[in-house]
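When you get a sec, could you build the whole thing from the sequences and use the hints?
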Amino acid sequence: MNSRSVLMTIPPPGPNGGDGVRVAAALGVDPGSILDLSQNLNPFAPDVAAIAARHLDSLRRYPDPSEGTRLLAETIGVACDRLILTNGAAGAVNAVAREIGGRVHSEPEFSLHPRGIDGPVWRSDPHNPSGVLAGSEVRVDVWDEAFYPLATGRWSARRSGVVVGSLTKLFACPGLRLGYVIADDVDRFARHQSEWAVGSLALAVMEELILRVDLPGWSDAVSAARAELVDMFISRGLSVSAADAPWVLVHAPGLRERLAREGIVVRDCTNFGMPGYARVAVPDGKGLSRLERALDRSSENGFRTDGPGRLRSG
138 MNSRSVLMTI PPPGPNGGDG VRVAAALGVD PGSILDLSQN LNPFAPDVAA IAARHLDSLR
198 RYPDPSEGTR LLAETIGVAC DRLILTNGAA GAVNAVAREI GGRVHSEPEF SLHPRGIDGP
258 VWRSDPHNPS GVLAGSEVRV DVWDEAFYPL ATGRWSARRS GVVVGSLTKL FACPGLRLGY
318 VIADDVDRFA RHQSEWAVGS LALAVMEELI LRVDLPGWSD AVSAARAELV DMFISRGLSV
378 SAADAPWVLV HAPGLRERLA REGIVVRDCT NFGMPGYARV AVPDGKGLSR LERALDRSSE
438 NGFRTDGPGR LRSG
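Each number in this note's numbering corresponds to the 1-based position in the sequence shown with 137 added.
Do not take every clue at face value.
Using 20 Å as the maximum straight-line C-alpha spacing, the simulated SDA-like pairs for lysine to any residue come out as follows [stated by the list, open to error]: (1) Lys-423 with Pro-168; (2) Lys-423 with Phe-181; (3) Lys-423 with Asp-322; (4) Lys-423 with Asp-167; (5) Lys-423 with Pro-257; (6) Lys-423 with Ile-371; (7) Lys-423 with Val-185; (8) Lys-423 with Ala-186; (9) Lys-423 with Gln-176; (10) Lys-423 with Ser-372; (11) Lys-423 with Ile-213; (12) Lys-423 with Asp-433; (13) Lys-423 with Gly-253; (14) Lys-423 with Val-367; (15) Lys-423 with Glu-332; (16) Lys-423 with Ser-360; (17) Lys-423 with Arg-434; (18) Lys-423 with Glu-365; (19) Lys-423 with Ala-358; (20) Lys-423 with Asp-324; (21) Lys-423 with Leu-172; (22) Lys-423 with Gly-400; (23) Lys-423 with Ile-347; (24) Lys-423 with Leu-348; (25) Lys-423 with Gly-169; (26) Lys-423 with Ala-309; (27) Lys-423 with Glu-399; (28) Lys-423 with Gly-354; (29) Lys-423 with Arg-373; (30) Lys-423 with Ala-362; (31) Lys-423 with Ser-170; (32) Lys-423 with Met-369.
Please keep in mind that the hints were generated in silico from the structure rather than gathered at the bench.
What follows is the structure in structure tokens.
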């Protein structure tokens, strides 16, 4: 397939990234061959597939979240009656938004947060998409800490208000859907979930994964890998913004389509109000080498950058 026809087959970006399966179908390749950097998953997480294989017997049981809830609450350091497990961070956001609504602190912001004209104020921390951690002066009512553990090496900032979090991101298991809500009156959010919101396999895997958590180690590894990613983009003349999150922002119109040709997916930021930008998740060393090769091939095929590379912090 020539370059032009491949480019014509690349599907448009979805609203929240995770386009690897659709890009693989368009290219006619195995989804497992796609490097999906449109998802911000922990590249240093344990092998979830291997762990899941040890718990397949759980598929024949109805889920009971009580032990998983207790274990996670104890690990985070909150009272068990202040935490509920949810069907991913999206389930946590949905449950809280349905109960209290609200509005975002500022734009751009994560698309699933409510956009009311008044009510409780929401903010992601680190901010999505800028990747900047909130300062001590920031006051909001709902904190989305989906990426906070990977940014800081700590489970939570322990601020007042409601917290939504993601184990999906931390353990790199988007297919299992694991999130949580922490709040003083958490039961009012639980009523917006369906019965058995978290499956038995997810619960069984979660309990083993929690015993393997290394937040400081993972956060340090992400920070080092992010620095390598920034250096790689800058050395190729690309404009990069990086802060505290497990991703960087790259200003390079057409980058998503060019990399998709190479079997690598990055997040188009148009629906953040940032056309021409791509959000690129921090990969492990193998993924970084593959990304380097793909960028070099893309340049050979006519890709041009937008000017001298530079790094902007904050």
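The hints, checked one at a time:
no.: 1; hint: Lys-423 with Pro-168; verdict: holds (17 Å)
no.: 2; hint: Lys-423 with Phe-181; verdict: holds (12 Å)
no.: 3; hint: Lys-423 with Asp-322; verdict: violated (44 Å)
no.: 4; hint: Lys-423 with Asp-167; verdict: holds (18 Å)
no.: 5; hint: Lys-423 with Pro-257; verdict: violated (42 Å)
no.: 6; hint: Lys-423 with Ile-371; verdict: holds (19 Å)
no.: 7; hint: Lys-423 with Val-185; verdict: holds (18 Å)
no.: 8; hint: Lys-423 with Ala-186; verdict: holds (19 Å)
no.: 9; hint: Lys-423 with Gln-176; verdict: holds (16 Å)
no.: 10; hint: Lys-423 with Ser-372; verdict: holds (18 Å)
no.: 11; hint: Lys-423 with Ile-213; verdict: violated (31 Å)
no.: 12; hint: Lys-423 with Asp-433; verdict: holds (16 Å)
no.: 13; hint: Lys-423 with Gly-253; verdict: violated (43 Å)
no.: 14; hint: Lys-423 with Val-367; verdict: holds (16 Å)
no.: 15; hint: Lys-423 with Glu-332; verdict: violated (40 Å)
no.: 16; hint: Lys-423 with Ser-360; verdict: holds (16 Å)
no.: 17; hint: Lys-423 with Arg-434; verdict: holds (17 Å)
no.: 18; hint: Lys-423 with Glu-365; verdict: holds (12 Å)
no.: 19; hint: Lys-423 with Ala-358; verdict: holds (14 Å)
no.: 20; hint: Lys-423 with Asp-324; verdict: violated (43 Å)
no.: 21; hint: Lys-423 with Leu-172; verdict: holds (10 Å)
no.: 22; hint: Lys-423 with Gly-400; verdict: holds (14 Å)
no.: 23; hint: Lys-423 with Ile-347; verdict: violated (25 Å)
no.: 24; hint: Lys-423 with Leu-348; verdict: violated (26 Å)
no.: 25; hint: Lys-423 with Gly-169; verdict: holds (15 Å)
no.: 26; hint: Lys-423 with Ala-309; verdict: holds (16 Å)
no.: 27; hint: Lys-423 with Glu-399; verdict: holds (15 Å)
no.: 28; hint: Lys-423 with Gly-354; verdict: holds (19 Å)
no.: 29; hint: Lys-423 with Arg-373; verdict: holds (19 Å)
no.: 30; hint: Lys-423 with Ala-362; verdict: holds (11 Å)
no.: 31; hint: Lys-423 with Ser-170; verdict: holds (13 Å)
no.: 32; hint: Lys-423 with Met-369; verdict: holds (14 Å)
Figure legend: structure checked against the earlier numbered hints; hints not met, in rising order: 3, 5, 11, 13, 15, 20, 23 and 24.
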